[in-house]
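Kindly generate the complete structure, drawing on both the sequences and the hints.
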Amino acid sequence: SFQDGGHKLGIGSSAAICTAVYGAFCELLGVGPSLTDALAVHRSLQSGSGSGIDVAAAYLGGSLRYQLRGERPPAADPFHLPDDLLLRFV
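Counting in the working numbering, the sequence shown runs from 1 upward without gaps.
Since the hints were derived computationally from the structure, they do not count as laboratory data.
Each pair of labels, with its calculated beta carbon distance range:
no.: 1; residue 1: 47; residue 2: 70; range: 15 to 21 Å
no.: 2; residue 1: 75; residue 2: 46; range: 17 to 23 Å
no.: 3; residue 1: 65; residue 2: 90; range: 24 to 30 Å
no.: 4; residue 1: 16; residue 2: 65; range: 15 to 21 Å
no.: 5; residue 1: 67; residue 2: 27; range: 25 to 31 Å
no.: 6; residue 1: 82; residue 2: 46; range: 30 to 36 Å
no.: 7; residue 1: 84; residue 2: 12; range: 25 to 31 Å
no.: 8; residue 1: 77; residue 2: 12; range: 16 to 22 Å
no.: 9; residue 1: 83; residue 2: 47; range: 40 to 46 Å
no.: 10; residue 1: 36; residue 2: 63; range: 18 to 24 Å
no.: 11; residue 1: 50; residue 2: 23; range: 16 to 22 Å
Note that the structure is predicted; figures quoted are calculated from it, not measured. Cβ coordinates follow ideal geometry from the N, Cα and C atoms, glycine included.
Set out below in structure tokens:
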């Protein structure tokens with residue numbers, strides 16, 4: 001894991017694996033998957049920590065708006081980035 005001053009920095013790999021396995025089990029059992037359930041499964045495996053944005057990104061794909069809402073499930077809404085937006089990473 002990545003560390004910063006003794007704090008673990010998540011890179012989303014556990015969320016990606018958990019979301020994929022959750023989706024496979026839903027398919028196997030004939031149950032419709034939901035983001036709320038995927039978040040609950042991942043949170044139970046992470047001792048209740050984390051915002052869940054990595055799970056939402058793995059579940060929904062692409063760009064998204066994500067908002068924690070206290071006791072209610074988070075709001076996660078996909079959105080399209082402008083075609084003329086230029087991103088550069090160094």
